[in-house]
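> If you read the sequences in order, they're chains A and B.
Per this note's numbering, the very first residue in the first sequence carries number 1; after that it's consecutive.
Per this note's numbering, the very first residue in the second sequence carries number 1001; after that it's consecutive.
Calculated directly from the structure, the hints in this document are not laboratory data.
Quick reminder that beta carbons are idealized off the backbone N, C-alpha and C, glycines included.
Errors might be hidden in some of the hints.
Claimed, not checked - SDA-like mimics (lysine to any residue), calculated; alpha carbons at most 25 Å apart, straight line:
hint, chain 1, residue 1, chain 2, residue 2
1, B, Lys1240, A, Glu134
2, B, Lys1164, A, Asp269
3, B, Lys1241, A, Trp65
4, A, Lys96, A, Gln180
5, B, Lys1362, B, Asp1296
6, B, Lys1116, B, Ile1069
7, B, Lys1176, A, Phe227
8, B, Lys1239, A, Lys88
9, B, Lys1171, A, Phe227
10, B, Lys1176, A, Phe276
11, B, Lys1214, B, Leu1157
12, A, Lys133, B, Lys1243
13, B, Lys1171, A, Val266
14, B, Lys1214, A, Leu149
15, B, Lys1164, A, Leu5
16, B, Lys1214, A, Ile157
17, B, Lys1077, A, Phe227
18, B, Lys1243, A, Val9
19, B, Lys1259, A, Ser58
20, A, Lys88, A, Leu187
21, B, Lys1239, A, Ser66
22, B, Lys1176, A, Ile228
23, B, Lys1214, A, Ser58
24, B, Lys1164, A, Lys96
25, B, Lys1239, A, Ser55
26, B, Lys1239, A, Trp257
27, B, Lys1214, A, Thr122
28, B, Lys1059, B, Ser1327
29, B, Lys1240, A, Phe276
30, B, Lys1239, A, Tyr265
31, B, Lys1077, A, Val273
32, B, Lys1239, A, Ser63
33, B, Lys1077, A, Tyr224
34, B, Lys1290, A, Thr122
35, B, Lys1164, A, Phe4
Unchecked claim - Label pairs and their computed distance ranges (CB to CB):
hint, chain 1, residue 1, chain 2, residue 2, range
36, B, Ala1184, A, Tyr270, 19 to 25 Å
37, A, Arg99, B, Ala1184, 48 to 54 Å
38, A, Lys133, B, Pro1201, 45 to 51 Å
39, A, Ile107, B, Lys1066, 54 to 60 Å
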Amino acid sequence: MDYFLELFVGGLTRGSIYALIALGYTMVYGIIELINFAHGEIYMIGAFTALIVASALSLLGMSGWSLLILAGVIAIIYSAAYGFTLEKIAYKPLRKAQRLSPLISAIGMSIFLQNYVLLAQTSDFLSFPALIKEFSFMENITIMRSSELVIFITTAIATTLLTLFIKFTRMGKAMRAVAQDKTMAMLLGVNVNRVISVTFIIGSALAAVGGVLISSHIGQINFYIGFIAGIKAFTAAVLGGIGSIPGAVLGGLVLGWTESFATGYVSSDYEDVFAFGLLVFILIFRPSGILGKTSSEKV
Amino acid sequence: MKRSLIFLMAIAFMLFTGSAFAADTIKLGVAGAHSGDLASYGLPTLNAAKLVVGDVNAKGGVLGKKVEILPADDVCKPEVAANVASKLVSDGANVVLGHICSGATKAALNTYKEAKIVVISPSATNVDLTKSGDYPNFFRTISPDDAQAKLEVDFALNKLKVKKVAVIHDKGDYGKGLAEFAKADFEKRGITPVLFEGITPGAVDYSAIVQKIKNSGADAVIYGGYHPEAAKIVSAMKKKKMKTFFISDDGVKDDTFIKVAGQFAEGVYATGPIDTSKNPMAIAAIEQHKKVYGSDPGAFYLNAYAATICLLQAIDKAGSTNIDAVSKALRTNWFETPLGKISFDERGDAKGIGFSMYKVEKGKYVEVGK
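Using the sequences plus the hints, can you model the full thing?
See below:
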């Protein structure tokens, strides 16, 4: 039973990180129907920023929770700025172009950001400090580690805050309006440019949170970590229904659990086979994803 | 129309004279990972080649010609290596030092074979490269993986006295090849590994496989692969307070592993080329690196230094860069190198070298057994 629970917790951890990144993909797609392939790199940049800040601050003698929170906040701000700039440079000029152009621009930005970090920092794997301290009450619990608990709780809080934001604030309402019908929202006086920028900022912030958390958990980062994480998170977003926020979270968790249990009970060799096989299976029966809305004809 | 024709002819003439000049040097292609996450494996080889070639050229070169290095970066990826090989061939490489990673080397060898170029690697350990007989133009100054695997198995059973083992690999040519040899060796001794599985490099987290290892009750894990994944798995294992031994290969016996895994690297075992640092040529080569580059040399430096020496001396003894003459010279002569006195057998493996087991103690790799 312990084994099952451990795999469950492992899948939950992984799934939470996928969910945090997937939210960025799904929100951007919902608003401007673009798959932001450079999103995985924002996650990576968040992790690198946190490492740089944490290293600098720990030299000044900081440690513990304040170090994690400060490094996290600065990473969030920095990544949000990257997301904002990314949209302005690479996607906004192509809003009127045919669908393929922003997509290629996204892939180009992804490669650019990877190599920028590679050159600005290093190609080496860098050790990431364990910023999440071990809780004393967790000492005797073997199925879950302190960092896994923190990841889960943070994801739950972030997702809840996002849902409340979308549902109850004016900006949230504006985002829903733009996602429904951009032209109409614009005609009704919604500042579409600002809504799009806010979407990118929130998505990037969430990705940065994911980056900081998982790097503290795993202990090392590298310029290339955004690549696989990005693909998995994108898969999770599609699995749950691209454009749907609860879908992104559900997709992330389902993907994480599938991978974890596939490794634990079948074989690690087939982990990705199961994950992507599940995606194909779900899409055959529900082409818009688990919680996706089938787009209706606008009369 | 006439002007552009003359222009084209002028360019063609210049290209022609360009290559005519080139024939006056011996071109040594140095191929490997010079950037990317595995660059720590490939850059020391480039440094070694530069130092040896510098010395050789200062003494007049080989057969009266200067040696010219053509560096080529394959980031240890097979697809890139194939392209790199084509480029080196078209750039006129006479001989090649490389590649670094087994998968990349395998992808490139056919191109070199067809171009009749001798290739010598300081680090590609996949057994098939020599044992299959498919690549008569290939030599190496490092023992093949079956020797590594045997050492790992012997050590695990005889020194660490483990009863249950898990064998994990990274699905690549190098890691999986090693893992399969280890598995076969265990089975020959009557022990079936409780786990034999592959992980995907670059994944977000490896807690599932670590849980599986813990659940299997294995006393030791034999891991075939490179240091990034090894560091992640070892960290996860230590954080879960597992007492399982972690035994790995020369892809992990790298100081970068200790740097990244930090305190969790303590107690990890890894095989690597026998420590020849007491050899006078080795001491001189390491000093030279420190003087010229201001740092200690990295992985496979001495192997690459030896390989370059053997290659250039073989060309000298053969009197040309012809593949048959050089191959014969490599096989029939013994060369003094930082690895000791070595030669090569009919398959291309080096004679006179081997592997040792190392353990991470107090943040450094220490030799613990042969």
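> Against the structure, test the hints numbered earlier, and report the numbers of the ones violated in rising order.
8, 16, 23, 24, 27, 29, 38, 39
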